[in-house]
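> Each chain, letter by letter, is given below.
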Amino acid sequence: MSLSVDRGEVISLIGPSGSGKSTLLRVLMGLLPPTAGQVLIDEEPLDYVSKSSLRAARDKMAIVFQQYNLFQNMDVLRNVTVAPTKIKKRPRAEVEVEAKALLNKVGLGEKYHAYPDELSGGQQQRVAIARALALRPQILLLDEVTAALDPELVNEVLDTVRGLAKEGITMLLVSHEMSFVREVSTRIVMMDKGQVVEIGTPQQIFEAPVEARTREFVGKILRH
Amino acid sequence: MDYTFQFSNVIQNLPYLLKGALFTLEIAFVSFWLGAAIGLAGAMAKMHGGRLLRGLVSVYITLFTNTPALVQIFFLFYALPDVGIVLEPMTAVLIGLTLNSGAYLTDILRSGVESVRKAEIETAVTLGMSGLQTVRYVILPHIAKTIYAPLCNFFVWLVLGSSIGAIFGVEELTGRAINISTANLRTIETFSVVAAIYVALTFVASIALGLVGRHLFRAKIKVF
Amino acid sequence: MLDLIISQAPRFFTWYTLVFVLEAMGRTLMMTVIGCTVGALCGFVITVIRSTTSQWLMLLRLAVTVYVEVFRRIPFLVILFIVMYASQGLGSNISLSTIATVSICLVATAFLSEIIRAGLESVPRQQLEAAQVMNFGFSRTLFMVLLPQSWKVILPPAFAFMVMFIKDTSLASQMGVVELTFTGKVLMNRGFSPFLVYGVVLAAYFALSYPLSKFGAYLEKRLGSPQRRKSVERVRAHSGPAKRELVG
Chain A
40 MSLSVDRGEV ISLIGPSGSG KSTLLRVLMG LLPPTAGQVL IDEEPLDYVS KSSLRAARDK
100 MAIVFQQYNL FQNMDVLRNV TVAPTKIKKR PRAEVEVEAK ALLNKVGLGE KYHAYPDELS
160 GGQQQRVAIA RALALRPQIL LLDEVTAALD PELVNEVLDT VRGLAKEGIT MLLVSHEMSF
220 VREVSTRIVM MDKGQVVEIG TPQQIFEAPV EARTREFVGK ILRH
Chain B
4 MDYTFQFSNV IQNLPYLLKG ALFTLEIAFV SFWLGAAIGL AGAMAKMHGG RLLRGLVSVY
64 ITLFTNTPAL VQIFFLFYAL PDVGIVLEPM TAVLIGLTLN SGAYLTDILR SGVESVRKAE
124 IETAVTLGMS GLQTVRYVIL PHIAKTIYAP LCNFFVWLVL GSSIGAIFGV EELTGRAINI
184 STANLRTIET FSVVAAIYVA LTFVASIALG LVGRHLFRAK IKVF
Chain C
18 MLDLIISQAP RFFTWYTLVF VLEAMGRTLM MTVIGCTVGA LCGFVITVIR STTSQWLMLL
78 RLAVTVYVEV FRRIPFLVIL FIVMYASQGL GSNISLSTIA TVSICLVATA FLSEIIRAGL
138 ESVPRQQLEA AQVMNFGFSR TLFMVLLPQS WKVILPPAFA FMVMFIKDTS LASQMGVVEL
198 TFTGKVLMNR GFSPFLVYGV VLAAYFALSY PLSKFGAYLE KRLGSPQRRK SVERVRAHSG
258 PAKRELVG
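In order, the protein sequences belong to chains A, B and C.
Each residue of the first sequence is one higher than the one before, counting from 40 in the numbering used here.
Each residue of the second sequence is one higher than the one before, counting from 4 in the numbering used here.
Each residue of the third sequence is one higher than the one before, counting from 18 in the numbering used here.
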């Protein structure tokens with residue numbers, strides 16, 4: 040597959056389960072090497088064997104997992120501040136201020152010292168988003184961030200992501216929430232069986248899909 | 004260090020040692036099955052016996068699992084003559100190991116039986132199985148699968164534990180090592196070879212038991 | 018026979034005997050605790066080595082894995098003999114107690130490294146990935162994410178191992194170490210009825226082992242949420258052959 044993303048774009052990956060959307064995000068994050076081909080970040084190829092190359096790439100990116108993956112042994116504030124302070128070596132006071140601001144933004148201003156197992160799924164997911172943002176990434180990857188949530192909680196997370204999209208951060212998101220995808224994306228990538236089927240604007244994909252596969256998928260989804 | 008390693012004498016005595024290894028396996032085998040018989044009786048007693056019987060079995064288990072096997076055998080060997088029971092060393096070792104094993108095996112067997120969850124029995128009943136059928140098709144296979152791994156681990160432990168017999172002059176593997184090394188004065192070589200035999204013995208036993216387990220019960224054992 | 022015991026009792030149950038036995042109990046306990054603590058530390062180092070991924074350390078990883086697999090499968094008595102003869106061969110003059118403690122360390126290292134390894138592996142993979150994508154690095158991941166989340170899974174089986182080893186120290190009596198079982202031999206040689214003597218020795222071991230194993234059970238209950246208890250069982254199962262353990 041071949042895909043090129045410009046700064047400030049919001050790319051959504053859609054497609055049936057197993058089509059390789061989450062795998063793509065994991066490859067981008069360096070968790071999985073590609074079987075063929077290259078990943079270029081800011082024109083620099085990502086060398087999967089070189090620890091320094093991986094580190095440099097991950098420095099520019101952040102990912103929010105479907106299962107939030109908060110560190111269970113740290114409270115909310117620490118979860119958000121640990122990477123910027125320990126890894127990026129920023130001064131602790133400054134990071135804490137920013138972390139608290141981010142937590143407030145995602146609506147968790149009351150929960151600085153709560154532990155992940157005390158929070159609901161939606162709250163944990165929002166902490167995960169705050170944690171990713173605290174890294175000041177140039178690229179944000181969101182992997183089905185609403186899939187593990189109860190329906191009531193989905194909206195609060197979507198609101199947060201919507202806000203991020205408005206701020207112009209480069210994002211790649213994998214999601215099943217079609218109306219949301221249609222609303223925030225600059226482009227949409229339809230994937231199936233590990234291949235890119237079609238790339239286009241929301242208009243194109245949802246109203247005038249070129250490929251039959253896309254039409255089929257979009258038709259099925261939108262019927263809900 | 005002024006010591007030249009000479010393995011030749013030990014290698015010459017290899018058949019003698021290997022016969023000792025066989026003897027070790029026999030001791031472990033006998034103690035295991037006799038202990039299992041005790042264990043079965045004990046498990047039944049604990050689950051279906053009256054209060055007095057249950058208490059006695061508990062006392063037995065607690066006493067034998069909180070004291071060393073060596074001292075138990077010393078007691079049998081040195082103390083019983085006072086009451087008129089004189090035991091051969093081999094007999095004392097076997098009885099000691101058996102009683103010791105019985106205590107541990109009671110617990111293993113009991114938790115295996117108790118692990119059959121009520122739900123499974125209820126399911127069998129709703130499927131229309133008679134009592135006997137339930138036992139044969141649901142309970143026994145489940146128990147067999149649950150207890151197989153702990154029992155195998157215990158057997159392997161018993162193989163190593165049989166070395167205690169050497170202290171009483173029993174000519175199992177360790178006993179023969181002592182015999183040889185007092186004769187050839189090549190203590191390090193002898194015991195190293197014997198250690199290697201134990202490692203090989205337990206490896207082979209674990210692997211063999213693992214294969215049997217996979218075929219008969221589909222029970223998985225970790226060898227490494 | 019009972020009259021024999023009764024007649025000997027006053028000579029036996031003296032202050033002297035009590036101190037003798039208590040000192041031996043203390044030595045037994047100390048050997049076990051020291052051996053297992055050192056074993057835990059070395060076991061931890063071994064586990065850390067085994068989790069590295071760099072090519073340069075491959076030989077070291079292999080060596081360490083062989084060590085663990087071998088020392089879990091040799092009877093403690095044989096290890097005692099080997100350590101004793103090896104130290105003689107090296108011409109050193111270390112005390113019998115030290116020989117026994119070193120032997121305990123060798124065995125404890127092997128077993129505890131497996132317990133620690135299983136504990137670390139019980140931490141869900143996603144925690145590792147989260148650390149990985151945030152560039153945590155090896156030691157940070159280990160100390161800030163894995164250890165804090167796994168020590169509760171490691172402690173109960175590790176403690177139970179130590180309690181079990183108290184009994185295995187009885188074999189050190191064969192080396193001449195003046196621990197609890199050895200006192201039995203000494204007292205018997207003084208002419209006391211073996212019934213009396215070994216009865217007391219059994220009781221002494223019981224007094225050491227039973228409260229500690231009850232405490233171990235309490236630890237397991239206290240540190241175990243149902244999810245953790247599953248991890249503890251996985252750790253136990255992973256402690257593999259030649260490690261006996263009371264199930265349930």
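To be clear, the hints were calculated from the coordinates, so they are not data collected in a lab.
By construction, the Cβ of each residue, glycine as well, lies at the ideal position given by its N, Cα and C atoms.
Check each hint, because a few of them may be wrong.
[Stated by the list, open to error] Computed footprint of chain C on chain A; a stretch qualifies when at least three of its residues, placed anywhere within it, have a C-beta under 8 Å from a C-beta of chain C:
hint: 1; region: 90-99
hint: 2; region: 121-127
hint: 3; region: 204-217
[To be verified] Okay, the calculated beta carbon distance ranges per label pair:
hint: 4; chain 1: A; residue 1: Arg129; chain 2: C; residue 2: Asn110; range: 25 to 31 Å
hint: 5; chain 1: A; residue 1: Ala140; chain 2: C; residue 2: Lys238; range: 39 to 45 Å
hint: 6; chain 1: C; residue 1: Met75; chain 2: A; residue 2: Glu250; range: 43 to 49 Å
hint: 7; chain 1: B; residue 1: Arg217; chain 2: A; residue 2: Leu79; range: 54 to 60 Å
hint: 8; chain 1: B; residue 1: Ala203; chain 2: C; residue 2: Ser156; range: 43 to 49 Å
hint: 9; chain 1: C; residue 1: Ser68; chain 2: B; residue 2: Glu123; range: 35 to 41 Å
> If a hint holds in the structure, say so; if it doesn't, say that too.
Hints, verified against the model:
1. 90-99: holds (count 3)
2. 121-127: holds (count 4)
3. 204-217: violated (count 0)
4. Arg129/A with Asn110/C: 25 to 31 Å: Because 57 Å falls outside the window, the suggested range is violated.
5. Ala140/A with Lys238/C: 39 to 45 Å: For Ala140/A and Lys238/C the Cβ distance comes to about 42 Å; the hint holds.
6. Met75/C with Glu250/A: 43 to 49 Å: holds, 48 Å
7. Arg217/B with Leu79/A: 54 to 60 Å: With Cβ atoms ~47 Å apart, the hint is violated.
8. Ala203/B with Ser156/C: 43 to 49 Å: violated, 37 Å
9. Ser68/C with Glu123/B: 35 to 41 Å: Because 38 Å falls inside the window, the suggested range holds.
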